[in-house]
Amino acid sequence: MDSKARNSIKKGVALSLVVTSVVLVLMMIFGVIMLLSQGNVVKISSQLFYKVMTIHGTGMIGIAALGGSAIMWYYLSKYIHLNPKVFFTNLILTLIGVLMILTAIFGFNFSDGWTFLYPLPSFSAKMYGTTGALLFLFGLLLLGVGYLIMYFYLAARLIKEYGGLGKSLGWDYIFRGKKGYGPPPAVVATTMVIIANSTGILSGATALVESIINIINPNFSFDPMVAKHLTYAFGHIFANCTIYMAVIAVYEVLSGYTGRPWKSNKAFLIPWNFSTLFTLMIYTHHLLMDFAVPRWMLIVGQIFSYANGLPVMVVTAYGALMIVFRSAVKWDFASSMMFLAMFGWVAGAVPAIIDATIVVNHVMHNTKWVPGHFHTYMGMGVVAMIFGFMYYFNKTEGTQKQSGLDNVAIFTYFVFFAGLTGSFLYAGKISTPRRWAEHLPEWTGSDQVGALCGIFIIVAALIFTTRFIIGLRNVGKKPTSEELKSVS
Amino acid sequence: MYQSIAWYATLFFVFLIALAFSFVYGESRKLREYGPIQEKGYKIRKFYFLGLVAIMGFASAISLSKLPYHNQHALAKEDGKIVDVTGMQFSWQLSDENFVAGEPIKFRVTSKDVTHGFGLYDTHMQLIAQTQAMPDYTNMVTITFDKPGTYKILCLEYCSTGHHLMIKDIVVKPKGGK
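Protein chains in written order, with the numbering used here: chain A, 2 to 489; chain B, 2 to 179.
These are calculated hints, taken from the structure and not from any lab test. There could be a bad hint or two in this list.
Claimed, not checked - For each label pair, taking beta carbons as the anchor points, the in silico distance ranges come out as:
hint	chain 1	residue 1	chain 2	residue 2	range
1	A	GLY446	B	PHE24	39 to 47 Å
2	B	GLY177	A	GLY108	54 to 62 Å
3	B	LYS148	A	VAL409	50 to 58 Å
4	B	LYS148	A	ILE470	56 to 64 Å
Backbone N, C-alpha and C define an ideal beta-carbon position, used for all residues, glycine too.
Starting from the given sequences, assemble the full structure and let the hints guide the process.
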């Protein structure tokens with residue numbers, strides 16, 4: 002790849018990471034404000050609470066996707082030629098979308114959450130005006146368009162380079178007995194994300210358009226159950242794909258640090274193919290309490306949600322443990338965060354799988370158990386991968402060195418994140434509903450513990466972010482080789 | 002009961018995962034050839050994989066035989082009391098509010114406006130059953146209130162800024178009492 006294009010991609014990656022880390026800290030502050038309010042420590046109005054809840058959810062999933070995309074582009078551009086203009090197009094559309102969403106929430110009182118259920122926006126539009134609802138829906142739509150452009154472009158590049166998405170998922174090795182190793186993990190993961198997330202975003206876009214049409218002309222109405230399927234197909238897949246983009250950094254960093262290549266053999270490729278399929282199938286575990294849904298679909302939701310845990314538990318996490326085992330790995334910020342992030346991902350999968358059990362879901366769905374499990378694999382998994390990559394980026398592209406403060410920050414981040422997710426899961430155990438502005442006295446204890454942990458997490462995230470932004474000054478001052486690596 | 006199972010099972014499995022990661026971290030500073038490690042690792046992985054499949058298979062076999070949908074179907078054959086429930090921003094409307102302990106109740110749940118979550122809480126504020134309250138759809142959930150006392154219906158699906166106000170008390174009288 003010519004060094005000009007690769008340098009542009011690096012600039013785009015750096016810019017995305019700055020946006021990701023700054024927005025992340027802001028969203029964490031919003032998260033703590035909600036917990037303080039639920040815990041009766043600092044009271045905010047319920048309307049403001051739900052606005053903060055909407056921006057917290059939208060912002061967090063948005064930055065996880067942006068940070069994950071930055072990781073994906075950084076590594077993929079090592080193997081194939083990529084046009085940086087596409088990356089910047091997505092970044093610009095994302096930023097415009099975010100501005101529209103912020104205006105909708107804080108300028109026009111939109112507060113329906115990021116995974117609202119049709120026809121909620123139409124009813125909110127009647128209460129608070131159509132401008133806020135339409136700004137939010139079009140903002141989300143614009144974000145989706147940005148990602149679709151990016152995924153379609155990446156699909157075209159992979160098809161040209163490998164001869165098809167099946168081949169970049171390793172089908173030649175799985176079905177046709179081709180010898181050797183398949184495409185690099187970065188390519189396999191990108192293919193999976195392209196397939197799953199394009200489907201997810203198209204589903205979400207359909208649900209958004211339904212809501213927009215219904216707001217503009219209420220005579221046009223849609224089936225709320227179909228809209229619900231589309232919404233959760235989008236929400237589930239989009240959230241999951243943030244992990245599958247970010248995990249590329251784990252493959253690259255841990256194999257680089259240990260000097261043990263993470264080869265894509267059959268035992269690697271087959272689970273990634275199953276992950277692609279399962280991720281598309283299992284969104285129905287969000288509808289287990291919709292008794293009108295055909296029963297077979299709900300049972301599929303349980304069984305395949307269990308099965309979806311296998312690739313990460315048996316292949317990715319186990320692979321990470323094997324690659325690190327007796328490797329004399331050099332532990333620094335990047336390797337430590339990647340290792341701990343794998344723990345976060347697997348640990349989060351446990352309560353997620355348990356909640357996908359229909360009889361458990363019957364008494365735990367939409368309690369704080371749900372944010373408990375997704376904060377575990379998002380906060381201690383995806384976000385940890387992004388923070389680890391930020392350090393790795395500054396170290397590889399610049400001259401960043403680890404300090405004692407980094408070690409303290411890593412320790413603080415993980416210990417208190419375990420406390421935060423523990424407080425959420427405990428709140429779920431005692432049946433505290435999620436997304437409630439006001440909490441009963443028996444629920445406030447866990448909110449207060451969560452808020453306290455959240456404050457320490459913010460301190461750690463501030464250290465990571467400040468160190469990253471300061472370290473960016475030295476990026477580009479280290480000569481690097483720009484040769485493309487082998488594509489298979 | 003299921004809440005406690007979920008909690009302790011999570012603690013147990015996360016503890017095991019933490020142990021595995023700690024062990025590998027402890028061994029990470031040593032250096033050995035990767036080939037033999039891979040060979041042994043793949044052997045162990047086969048048992049690990051089969052173990053996980055066995056646990057998941059066992060959990061599926063046990064849990065899928067007790068689906069709330071089954072319960073609903075079975076009780077529909079008995080002459081349980083039928084109560085129509087309608088959710089709306091931001092209250093619950095019940096067709097009948099007289100409940101007696103020990104009597105099976107079939108709630109037919111729907112919504113007048115947006116999607117709500119019909120969550121039934123017992124006298125100790127433990128969630129005992131739920132289903133979604135959706136416009137254009139009716140979901141049925143059956144429950145037998147074992148003890149007299151004040152139960153509650155809480156909205157469990159975010160439905161706009163008055164979501165947390167959707168609480169309704171259900172007073173269950175003792176059998177034969179007034």
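Hints, verified against the model:
Hint check: GLY446(A) to PHE24(B), Cβ distance near 34 Å, so the stated range 39 to 47 Å is violated. Distance hint check for GLY177(B) and GLY108(A): the Cβ-Cβ separation is about 60 Å, which falls inside the suggested range of 54 to 62 Å. LYS148(B) and VAL409(A) have their C-beta atoms about 52 Å apart, which keeps the hinted 50 to 58 Å range intact. Checked against the given bound of 56 to 64 Å, the beta carbons of LYS148(B) and ILE470(A), roughly 59 Å apart, stay inside it.
Going through the hint list in order, the structure does not satisfy hint 1, though it satisfies all others.
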